[in-house]
Amino acid sequence: MSIVIHAENISKAYRLGQLDGRSFLAEWRARLSGKPARNEADGIWALRDLSFDVREGDVVGLLGRNGAGKSTLLKLLSAIMAPTTGRIRIKGRVASLLEVGTGFHMELTGRENVFLNGAILGMNRRQVAARFDEIVAFSGVEQFIDTPVKRYSSGMRMRLAFAVAAHLDSEIVILDEVLAVGDAGFQRKCLDKVGALARSGRTIFFVAHQAATVEALCTRGMVLNKGRMEFDGTQTEALSHYYASEQVAPLPLSERADREGSGEVRLTGVEILNGSGFATDSVPSGGAVTIRLGYTRRTAEVFPHLVVSLQVTTQLGVPVFCHSNWFTGEQLGVSEESGVFVCHLPRLPLPESVYRVECRVVSEGRGGRLLDGLKGAFEFRVGPGDFYGSGKTPTLETGLAFVEGKWGVERDALRVERA
Amino acid sequence: MEKPATDAVQGWTKVITPMRGLFEVPWRELWAYRDLMLLLAWRDISAQYKQTILGPLWFLLQPLIATVAFSFLFGRMAGLGTENVPHFLFYMAGLVPWTYFSECINRTAHTFTRNSHIFGKVYFPRLAVPFAAALSNLATFLVQMAIFGVGLGVYLWKARTDPQIFLEPNWRILVFPVLVVQMAFLGVGVGLIVSSLATRYRDLALGIGFAVQIWMYGSSIVFPLSRVTDPRLRELLALNPMVPIIESVRFAFLGQGSVTQGQWLVSCGLSVGVFLLGVVMFNRTEQTAMDAV
Chain A
39 MSIVIHAENI SKAYRLGQLD GRSFLAEWRA RLSGKPARNE ADGIWALRDL
89 SFDVREGDVV GLLGRNGAGK STLLKLLSAI MAPTTGRIRI KGRVASLLEV
139 GTGFHMELTG RENVFLNGAI LGMNRRQVAA RFDEIVAFSG VEQFIDTPVK
189 RYSSGMRMRL AFAVAAHLDS EIVILDEVLA VGDAGFQRKC LDKVGALARS
239 GRTIFFVAHQ AATVEALCTR GMVLNKGRME FDGTQTEALS HYYASEQVAP
289 LPLSERADRE GSGEVRLTGV EILNGSGFAT DSVPSGGAVT IRLGYTRRTA
339 EVFPHLVVSL QVTTQLGVPV FCHSNWFTGE QLGVSEESGV FVCHLPRLPL
389 PESVYRVECR VVSEGRGGRL LDGLKGAFEF RVGPGDFYGS GKTPTLETGL
439 AFVEGKWGVE RDALRVERA
Chain B
2 MEKPATDAVQ GWTKVITPMR GLFEVPWREL WAYRDLMLLL AWRDISAQYK
52 QTILGPLWFL LQPLIATVAF SFLFGRMAGL GTENVPHFLF YMAGLVPWTY
102 FSECINRTAH TFTRNSHIFG KVYFPRLAVP FAAALSNLAT FLVQMAIFGV
152 GLGVYLWKAR TDPQIFLEPN WRILVFPVLV VQMAFLGVGV GLIVSSLATR
202 YRDLALGIGF AVQIWMYGSS IVFPLSRVTD PRLRELLALN PMVPIIESVR
252 FAFLGQGSVT QGQWLVSCGL SVGVFLLGVV MFNRTEQTAM DAV
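Which chain is which? The protein sequence lines are A and B, in order.
Quick note, the numbering used here runs 38 ahead of the 1-based positions in the first sequence.
Quick note, the numbering used here runs 1 ahead of the 1-based positions in the second sequence.
Be careful, since some hints might not be right.
Restraint ranges, calculated between C-beta atoms of paired labels, are given here [stated by the list, open to error]:
1. A:S71 / B:V273: 49 to 57 Å
2. B:T53 / A:E46: 34 to 42 Å
3. A:E275 / B:H118: 34 to 42 Å
4. A:S71 / B:L207: 23 to 31 Å
5. A:S391 / B:L58: 50 to 58 Å
6. A:G239 / B:P178: 25 to 33 Å
7. B:G210 / A:M144: 19 to 27 Å
Derived pair list, reagent style SDA-like, types lysine to any residue, alpha-carbon separation capped at 25 Å [to be verified]:
8. A:K413 / A:T366
9. A:K413 / A:K264
10. B:K15 / A:S40
11. B:K51 / A:E145
12. A:K188 / B:P57
13. B:K51 / A:M144
14. B:K15 / A:R164
15. B:K15 / A:D270
16. B:K15 / A:R131
17. A:K188 / B:W43
18. B:K15 / A:M144
19. A:K430 / A:A282
20. B:K15 / A:F90
21. B:K15 / A:L136
22. A:K413 / A:G299
23. B:K15 / A:A120
24. B:K51 / A:A120
25. A:K264 / A:L291
26. A:K188 / B:I46
27. B:K15 / A:D96
By construction, these hints were calculated from the structure, which means they are not laboratory data.
Idealized CB from N, CA, C, for every residue including glycine.
Excised from the complex, chain A in its bound form:
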């Protein structure tokens, strides 16, 4: 496959600040006295010396924290900004979708906006007209196509805008965060469309924030860190690299004074691992999570039967569930000086939110003595996920838990009636 994007040593510096009267005078004074008006310290480097090639048909997922330079890179590739140094060569037409619905005009109808938006994205009238029906069908707003878009719901606008963008005729597609539009059903439709584009041999370059998307759609992953290319390889390697660099330090608990219990065994810290085994503070809804609680034993006594429990509540303190080895019937004994209690939850049935956890360690023998108790020991965030595997995820307002189940319909009568 031939190379369609060739980037050589590209860097980008941003200037800081607007001019006001004082800086204007200072700049011209400097210019008149022959000194360079600005120096490098005036700017911030958003990208430093990036070089890479993208081949035809590559689906590149761009990973990196906020401020790593992902958006800047996409803007350079889409020619919105010029690089400070370096050069990018591109083969083929580029459609860049850094935002959905750029240039939509509220007073114009859906139909008019489709043509306008298509033109902004680089299509001529004939090309838009040829795909018009397809675009409208994809958006699902046929009924309102001749209504001004200011009467649309924001979801409808988004859908129409994505539909226009998704039907661009171009060899290279650049996407940023646009997948997070509309309801979960439409999000899935968008993702499917991106997948279809990828299968049709289009080269795709995009920033996605969900690991699952990168894993499923991309053939290649790049990790940016502070403007530098940290990793460039397969999407799976890139993801592990990203998570490895993203690792969150364990939360220390030993300093906490607001604890109950005798203190014979004390929790010293907590770390949360996601399904791939990387420390994090945010796990996807429906994903696997492992909670590791470090402890030290501070007496000579050994405890063959301990009950460790996690009481999970919402941030307002409403109990969500309690998990403990007493419920699962597993034995936890402590004979070492220190170690880690491990709790593994294979499918977290919680909607997106932040949860608070209370930890308790109780000695089971001799009437159940509380050894250590920490209210609000730690918090963890549940991020977007797909518990039901359908792309549809209820929110916290509908209930505190997801329950596995199946639905069907039968021709049968109810059992009581049958009898």
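Following the hints, position chain B against chain A.
Below, chain B alone, put in the same frame as chain A:
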């Protein structure tokens, strides 16, 4: 350093570099986006008057009301009009072209500041925006000129019986399209210069509306150039590129106006020069405008 030619030979269709050359204006790309220009122009026109009661009537009312006001104020009260040409036609022949010119400036002077949101998210040749503005203004202007034509017809008919009215439209009307292009060049040129500088010096964006107003009073809109008696002052005023244009329009349609070929050629040269300077500055700014954070 490789030349762009070798890039093209290798099949690269686009090369993004830190800075294009000063005169490397992407004309070809702009042509490829001609549909965008048309659509933007059409959007400006149709969106402007949506949900107004009078709708497109506004296109006609604005110059008519202004003309009546000017005829009364400057013509009747201050006595600045011309001897025999009806005041209404005299002022309308100045105001309609002037409105086109000043709208070209006003609508392009804020190109970067008003569109920064779109420019930051999508690439297209930025010149499409000011050119589209000139285009949509042109549509308004032509409609208004048609109204002027109707007015001219009415007075010509009256002039058959009224020897007091002097009107002499002549073959120079054929030059009118050139004058329109000239005004577009000058107006868009000034607008491009201001919009390029305004990305760094916001003061300009504030000052330009005011400056255009002052400019009008120096542009023989409210008085004919022939009323300036001092020949040196007249020569000086004619250096204002709008003066020969307005005088030419009046001369072509009304048969009264003072302009020499030399003055007009200077004005043409200035218009083209300002336009080219504007395009070069805009092209320069386009590449850095999105950098300031």
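Structure-based check of each hint:
no.	hint	verdict
1	A:S71 / B:V273: 49 to 57 Å	violated, 36 Å
2	B:T53 / A:E46: 34 to 42 Å	violated, 53 Å
3	A:E275 / B:H118: 34 to 42 Å	holds, 37 Å
4	A:S71 / B:L207: 23 to 31 Å	holds, 29 Å
5	A:S391 / B:L58: 50 to 58 Å	holds, 56 Å
6	A:G239 / B:P178: 25 to 33 Å	violated, 49 Å
7	B:G210 / A:M144: 19 to 27 Å	holds, 25 Å
8	A:K413 / A:T366	holds, 22 Å
9	A:K413 / A:K264	violated, 37 Å
10	B:K15 / A:S40	holds, 16 Å
11	B:K51 / A:E145	holds, 7 Å
12	A:K188 / B:P57	holds, 21 Å
13	B:K51 / A:M144	holds, 11 Å
14	B:K15 / A:R164	holds, 23 Å
15	B:K15 / A:D270	holds, 24 Å
16	B:K15 / A:R131	holds, 9 Å
17	A:K188 / B:W43	holds, 18 Å
18	B:K15 / A:M144	violated, 33 Å
19	A:K430 / A:A282	violated, 29 Å
20	B:K15 / A:F90	holds, 16 Å
21	B:K15 / A:L136	holds, 19 Å
22	A:K413 / A:G299	holds, 12 Å
23	B:K15 / A:A120	holds, 13 Å
24	B:K51 / A:A120	violated, 38 Å
25	A:K264 / A:L291	violated, 31 Å
26	A:K188 / B:I46	holds, 18 Å
27	B:K15 / A:D96	holds, 19 Å
In this structure, the earlier hints numbered 1, 2, 6, 9, 18, 19, 24, 25 are contradicted, and the remaining ones agree with it.
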